[in-house]
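Peer 1: Okay, here's what each chain looks like letter by letter:
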Amino acid sequence: MNSELNNKIPFFKEMKIEFSMKKFIYTISILSLIFTTSCTKNFEDINTNPNSPSSVQPSLLLRQVIYDFGENMSYEGFVAGDLLSQHRTALDFNLFDRHALKSPQLGGNPWPIFYTNLRDNEIILNQSQTVETFAVYEGPALILKAYLAAGLTDLFGDVPYFEAFNGVEGSVTPTYDLQEDIYLNDNGILDNLDKGIAAIEAYSNAIPLEGDILFNGDLQAWVKFANALKIKHLLRISDKVDVSSAMQSLYDEGNYITSNSENAIFNFTNTDPNSFRLAQLRIGDFNNFVLSETMEDILVNLNDTRMSSLFRPFSNSTTNEFNGLLNGIDASSTSIALADYSLASTAFREDTSTLDANFITAWEVQFALAEAAAKNIISADAQTLYNNGVTLAFEYWNTELPADYLNGPAAYNAFGSNPIEQILTQKWIANVINGYEGWIEYRRTGFPELRTISASLNNDSIPVRMPYPAEEEALNFENYSVAAAATDNNSINVPVWWNE
Amino acid sequence: MKHIYTGLLLCLCFFSNAQITITGTVTDAVSTTTLPFVNITSNTGLGTTTNDDGTYSIVVSSNTDTLTFSFLGFKSQTIVVGDQTLINIALEEDSAALDEVVITALGLERDTKELGYAVQAISSKSLNEVKTINFLDNLQGKLAGVTVTQGATGVGSSSKITIRGEASFSNNNPLFVVDGVPINNETVFNFTNEAAAGFQEIDFGNGGMEVNPDDIASVTVLKGPSAAALYGTRASNGVIVIDTKNGSNKRGLGISINTSLFVDSAFRLPDFQNSYGQGNSGQFEYVDGLGGGINDNITYSWGPRLDTGLLIPQFDSPVQLANGSFVRGGDTALYNGLDITATPFVSNPDNLKDFYQTGTTTINNISVSNGFDTGNYRLSFTDLRSESIIPGVNLDRQTVAAKLNFNPSEKTKINASISYINSSSDNRPSNGYGSENANYSLVAWGPRSLNIENLKDYWQPGLEGTQQYSFNYTFFDNPYFILNENTNSFNRDRIFGNISITQELAKNLSVSLRTGMDYSTEKRQLRRAYSSNRFSNGAYAEHDVMFREVNTDFLINYKNQFNDFSVDVFLGGNRLNQTATTNQSQTVSLAQPGIYNLNNAASPIESFQFESEKRINSFYGITKFGYKDFLFLDITGRNDWSSALATPFSVDGTSFFYPSVSSSFILSNVAELPSIFSFAKLRASVAQVGNDTSAYQTSGAFVSQTPYNSEPTFSNQDFIPNSNLKPERTTSYEFGTDLRFLDNKLRLDFTYYNANTEDQIISLPVAISSGYSQQVVNGGKVNTQGVEIILGITPIQTDNFNWNTNFNFATNRSVIKDLPQSDGRLTLAYSRIYDSSNQTVWFQVEEGGRVGDFYGTGYQKNENGEFLIDDNGNYIADDNLQKLGNYNPDFTLGWRNNFNYKNWNMSFLFDWRQGGEVVSRTRALGNVGGQLAETSYRPEDGIVAQGVNVNTGAANTVAITAESYYRQFYDRNHEENNVYDASFLKLRQFSIGYTFNFKDGFLGLKEGADLNLSLVGNNLFAITENPHFDPEQLAIQGNGFVSGVEDMSYATTRSIGFKAGFNF
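Chains as they are written, first to last, in the working numbering: chain D, 1 to 500; chain R, 1 to 1064.
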């Protein structure tokens, strides 16, 4: 070492770098030892995800399933369901409104909403059945499973169900099940509703249900919810299966949702993040949707005051009039002045605190029972049920029921009217943003009569099912092929089982 | 038995042989200064380096031995010892090719002739001739098999680099190594929302771009995985080895000052139509930009004809107030409903061109270096300031670099290298499709009647800070408002460097210890003003990013010479600790406008936090054998233990081993070749390398979601973990030749390689009906074959004039041999508009297909490929995915020329990429919107789509409106008609310069002082099929880059610059 430098830099003077062979071997041995013994030391800890828990309380999942599904399906209801049901129409970016249902743009692809929530719900169900302290979640999870499964199959027909939404333990390429089996088999919709009620009734523990944003932990409300769903879905398959006695006993027991305070709903707020999604999106997304001519005609004919609860007068109007547009325009050959058409009301953007995410409501049940009564599936007074339904529906939409409504234009079985059509029309009006319900009930009953749209991309036919999304073809090809073959290559014109 | 005795005898001979001590001095032939640290090796494998004063001493055994003097950047010389004991050597600088000594693993300098695998280096000079801000961009065209693609948002964008194409389904990023220690080249994205709401992706630049070109001595690219034993798993995609500049070779202070000034302009702009203005069905009138007027809520250019004298109320038309003053039509917030005076409806052919400004970049560097008795040092400071051609976008970067080489004793070397970098930008523009990207309102949806200039004053009067002024309030933001108010700034501090000590323990034995770190911390702020389309009450996000990687190595080296055999053994170990954290906190509503602070939140603060930690422990060994001067063999092996393969419960399967063998055979040293040959070498190698994965792929987790009424919600993660992950494996075979002819005037380097990548770790997309969208699996096999040819020619070499020309050719095909699933295609990535699966380009692979294939939908055709047309004259959608193309080129060819005449120097670089396709969103949207030149043909009686009637099979005769026709043909839901050939030929770089060599004592300067002045250019012109944009494109989707899609990109830049370098 350079001595001059040593003198100048004390640090180096102190530092004696002299290695001997012995020291070297000693050092290397120690180094090697440190390395070999610690090659995998702490690896378990290092690769344990610090960001996210590996398990969570079922209450957190339950709140998620209810909120996520309700939030998404309300949005879907506005941008896609309401187009198919002709409550409203889209001015542009409207391939979906023109019935090219394989070309969803902003919404119109509900498939993943169902499956991700069915997955999270299944985790709640598994936890409730394996962990004693979580047993209270079993009933609600079974009921939600039935609810989600019904919504799914009613849209698509045959879908992956019994092997589905369980990719970790089960299959990532689940087979498609027949809609009939999904409705009727063990662990199907109706069976799970029964099992859900049974689980609630068998539950005697003190630990409460948490995360329940539908009923705030009220288990009896869940039973009413389950019975309401049974009424709805028994009626839905009533052309295929004799549901009379089952519906009659449900009606006779009366343990279902009967008032708006019992509704399976949660409230949107006015501010992020729990406002209705159209309040969060660009003004252009909201302004793309206006009143449908179909809705306009029906409400105007009924002199229905819900018009101003659901829509706003068009800007160019001088006397607060409403104007609708026939669904499915070809935007490239139609010149539209937005100011000539009615946008959705402030409840859908400026003040969404009056809006609910709707799972099922008292009016929906009353209309279902009214239809069953009118069709003699059950013995009950259809008119009373109809009137109850209308009254509840006006209340639900924060609209005062005009005194003459039920005696005037909407009087049950008035001269020249068809009671079934009346019931379904009233249900349809109230079904705004209720997912795809308006369209589903039209498919089942043909009411109310929908229009032939302006520039159909489906040969002027109104679709009768949703197409499987493209991802299924790409990722679950073998099973998809079977289902596609059964639907004329995934055609939107092939009816589902209950609609055959 | 006899042989053993002979061997022993030989050994004895070796030790007992007469020894000759040779001494001498090595100098620079030009400056005549002495050169320290020159490598001196004898043909018998002994070696030493010159001391600080350039002197050396070496012992040889025979006067027939040869000594080779090699030094980075200089031509090597080989001398036969003969009778001499004093050998003084003057080395000549090697400006043509830096190919004699390369820096390989762990900073080991190796003679290229010994290497059995392909490496290619470029010198500091070549990197700094025409500077680029992202030094990676400067590699394009200069290295065979290396492809660099630039990002889409101007200065500060990431550049993606791939070496030998893409063989992995998940990760094709090469490893970056600076002075022997890895540094991070990741691009970390912000948290985004795929729907048409929330923040879009922002590219804050790739880590590697921060290596300062002024501090780089050389860049060596190890192309295959043969060197992976030294670098570990991450070297499976090749290694970019960067060596930074050392201190001065001479005693006394050396100062170098370099300055560059670039002037940038937009390189390629879309070709617009200028005949029709805003509107739909030929009609337009502005009232409020929200649908109050005729078609004023949309910004298609399907409106009335322009320049016909027509007067129409427009957003910039005057509105007279009661007091006589004027506001603009678009000042609707306070003055809606007043009459807008119609103004001429005219074209604005240069509106986008005028929007882009002249960008400027200045790079100033000063470095000081010095040598002292026992070492040298270098200090460097670089200041880079760049104002983009995109208004309001910039990049500032200051770099301080220090390097110390210190030999406290003859047996001890201490090296330290450290760089500190501060990068910052006031705004990095948002990427992708949507209103956060200014191109959305400028190109795709900027009507041709739009006078962009009139948007500059972007607040409505009286509502400054709360309400923007724009041509449309339905979907779009004023581009000036976006770029000036909705900014995404960042400030990043980064330090990387290492310190090492090498101790010679015995004559043939040394040990090195080294520890190096790359640490960066970054603060990003995303601001959104009131009245933004996506955030009516503004928004603010803070995104903090931290990355730290520490590598600690030890390396023991034993080398010896046994007669004709030389042996060089390395045993080493490495521990890699990597920690990354990212935390984005945001509010999507502000209480007070213009206050960007989370305290000003008017909505609950959302937080996205992610932390990841990883460790890899490794042991490795390398043995190099040499026989005489013509046969060299490297055998390597490495074992890694990766924490990413562990589960929270087990460490099984975390260990993996991979070996390699490579060999070099110098034919010209053995056989008598025709005199045309000046050098001939054959090389071959086989290597295997394993690859692990990112952290936390082996176990499940739940992810927090949107709270309801402030109460928490959790959802399961969307991917299925895999607790039995195996490492990926790449096995590669490579052979090549290095041939030189005619006194090295013709140099041909040929490489063929064949690699199989198996057991890939893939986030396999799975059907959502399984409840999950992805599954982590091992599987798939990809075979990659390729050829690289480097041809160097020196056609003219005289005392005054010198012309060097180099061709870098590469071709590469990665073919899928096997997929992890039984049938169908595997989706590796996608690029989509919003969250619409229908408006998606799918990057999928199938057996027999190639990596880079992409798919989309189109319109129905008959078996002759003719479009089927319905009775109304419309195309019929075909929702089945079809292959649209492949983004990989068929071949690449860089052609570089360098001319020297006396003190003049000129160089240029052509870059040709042939083949490959790109899907263009600009083409799709710009044509649907009626903005681009393709839509200028609009006959009154409509357009008859070419094709046959679906029912009759006869040629279609039904006309549809031009608007209907173009909107169908280019529809974004059906990408088929929006594909371009991505081939291009570019004049990438040009430079001409003059060097003044000052006479000794001129102005009191020391000898060797010089001044270089150059005029340089970058991206000067391109020939390509598409008329609208630079064909080199990267898009961003879901926190990753995707090639093959042009997604509303900004114009790239053409730079012309002036450069001065002063060394004294």
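Rather than coming from a laboratory, the hints here were simulated on the basis of the structure.
Note that this is a predicted model, so its numbers are computed, not measured.
Some hints could be false.
Said to hold, decoys possible - Short, incomplete list of chain D residues facing chain R, as computed with Cβ under 10 Å:
id: 1; residue: 161
id: 2; residue: 477
id: 3; residue: 480
Glycine included, C-beta positions come from ideal geometry on N, C-alpha and C.
Peer 1: For every hint, state whether the structure bears it out.
Peer 2: So, going through the hints one by one against the coordinates:
1. 161: holds, 9 Å
2. 477: For residue 477 of chain D, the interface hint holds, since the closest Cβ of chain R sits about 4 Å away, which is under 10 Å.
3. 480: At 8 Å from the nearest chain R Cβ, residue 480 of chain D passes the 10 Å test, so the hint holds.
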